[in-house]
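Protein sequence lines correspond, in order, to chains X and Y. Under our numbering, the first residue of the first sequence carries the number 1, and numbering increases by one thereafter. Under our numbering, the first residue of the second sequence carries the number 250, and numbering increases by one thereafter.
Accuracy of the hints is not assured; some may be wrong.
[Stated by the list, open to error] Reference excerpt, derived from the structure (chain X facing chain Y, CB under 7 angstroms, subset only):
no.: 1; residue: Tyr89
no.: 2; residue: Tyr159
no.: 3; residue: Ala168
no.: 4; residue: Glu179
no.: 5; residue: Ser208
no.: 6; residue: Leu212
no.: 7; residue: Val214
no.: 8; residue: Gly216
no.: 9; residue: Ser222
no.: 10; residue: Lys225
no.: 11; residue: Glu230
no.: 12; residue: Ala240
Honestly, the hints are just simulated from the structure, not real lab data. Ideal placement from N, C-alpha and C gives every residue a C-beta, glycine not left out.
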Amino acid sequence: MYVALNILVFLKAIPEDVKEDPRTHGPTVEGVKLKMDDISRNAVEEAIRLKEKHGGRATGITFGSDAATLVMKEALAMGLDEGVLIKGYAGNNPSLTASVLAERVSRMQWDLLMFGFSSADSYTAQVPPMVSYMLKRPLIGNAVSLRVEGKTVKGVSSYEDYNVAYEAEMPAVISVAQEINTPRIPTLLQIMAASKKPLSVEQAQAQSARTLQVLGHTFPMSQRKRIIFEDTNKGVEEVAAVLRQVLGK
Amino acid sequence: MKGLIYSESAQRAKELMSFLKDQMELDLALPEAEAVQASSNGASRVYAIYGDVYEPFAVASAVVSVFDGHDYLFVPATNFGRQVAPIAAQLIKAEMESEIFYFRPEQDGAIVRRYFYGGKTLLEEKTGAKVFTVMTGLAQPAQQGSPSEVIRVEAKGGLSRVLQISGKQKASADITKADIIVSVGRGLGKKEGLELVRQLASVLGAEVAGSRPVCSDLHWLDEDRQVGLTGKRVRPRVYVALGISGQIQHIVGMRDSKVVIAVNKDKTAPIFQECDYGIVGDIYEVVPKLIEKLK
Chain X
1 MYVALNILVF LKAIPEDVKE DPRTHGPTVE GVKLKMDDIS RNAVEEAIRL
51 KEKHGGRATG ITFGSDAATL VMKEALAMGL DEGVLIKGYA GNNPSLTASV
101 LAERVSRMQW DLLMFGFSSA DSYTAQVPPM VSYMLKRPLI GNAVSLRVEG
151 KTVKGVSSYE DYNVAYEAEM PAVISVAQEI NTPRIPTLLQ IMAASKKPLS
201 VEQAQAQSAR TLQVLGHTFP MSQRKRIIFE DTNKGVEEVA AVLRQVLGK
Chain Y
250 MKGLIYSESA QRAKELMSFL KDQMELDLAL PEAEAVQASS NGASRVYAIY
300 GDVYEPFAVA SAVVSVFDGH DYLFVPATNF GRQVAPIAAQ LIKAEMESEI
350 FYFRPEQDGA IVRRYFYGGK TLLEEKTGAK VFTVMTGLAQ PAQQGSPSEV
400 IRVEAKGGLS RVLQISGKQK ASADITKADI IVSVGRGLGK KEGLELVRQL
450 ASVLGAEVAG SRPVCSDLHW LDEDRQVGLT GKRVRPRVYV ALGISGQIQH
500 IVGMRDSKVV IAVNKDKTAP IFQECDYGIV GDIYEVVPKL IEKLK
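Assemble the whole structure, with the sequences as input and the hints as a guide.
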């Protein structure tokens, strides 16, 4: 059965790297370029593939700042039809992010809401289940495969000890695992065409009520010996001696 | 002070019990099929969940239905637990913290530690959260202890339907329990190279593990041998990293190893910052020599 799908995909722009603040020697991402989170890339790719297969539209949504514009343009170049940039992101706060996103999409028509399972910077994995809860829509989490049939979506979730195949009525919330696909790299032509795709910018009015207080944010100190041998034979000799000692040989 | 642990497996529930037992009285909630294996390890109560035990909403609702009287809910950070915990936090209108590896109760909350920026940095926070996902493998499973009162709880009201449970290929060994690990990365170059790696592992009495590219992307090794942020966290006496560049996502999974030995062609590979002994060289040249020396 032919069903044109209306897909929303959330993507996250994350700092490319973490720098050492010269004053505090602590970590900082100030002035660091943003990139699309790898797992968001998988979510975008899956949204585009589903759209290509079933017809319909795929819209990207991100909660961030102006700096996320380039990341959204890249997702448009990959094949999303339009983008929504919600400004007002004030640091990692999953329940706040979830409520901003849930409120925004509750005003939209959609069949699938797609996320990456867990972003590589904060790695909390909280937002997709929270959005799913707030919208009272089913969740298929850490999906390694997805199939749309009529008004239902089927997906296999990868867990540590077993996999579970789920079926849910759409609209449904999906979070994807990295294994689900290999994201495409947009061509130059697509990148140029992306600048003509609609990208709307809006402002979220969200207030955080979180009690979190940061006591310390540091680079973990590695206590390793770091004895490095560039002479292979000498290295083998020394490492074999270390291993023999550990093995009690 | 009283904590509730929800886990889909008895093994991980018992690990988390050991991790927390000096700090508070604990109850467990787990699927009925797992409950018997964790019902005499010192938990006051075991809530045996039956019904829709694979559906995150149904499970979160069941867990929340027995939360009253507890100060905290702890969930091992598995891919299912990471779905149940945020829903449970929303249901009880509590704040939540993810992937913690240190916990100390405080007045009106707790002090926790977790990694941030993909494991590059460490956060210490005071939080009013009541729900936590906790890194797996932080402690040995709790020993046999006093028997628990077992109470059945139904999981129902799921929003999706479970069609099928399929087992994963069982690991021939559990790398989280290995004393010595030989781990390979993309630098191996070809799947056939595993033969050489297995030879070294056999000489050392080690288990073979791998980085994400080798396990999840190339499938040269089973996924349950993957070390790192999205794989297992291991803490062997010796960790030998062959052709592993040492991206932070990998380091997070092995940084608690006692001795780390690295072999890599690239002198600038980050793994050399995270090792005790490193050899700059081709693994196909170094490993045979190493085997020879150790025989």
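Provide an ascending list of the numbers of those earlier hints which the structure does not satisfy. Numbers 1 and 5, in rising order.
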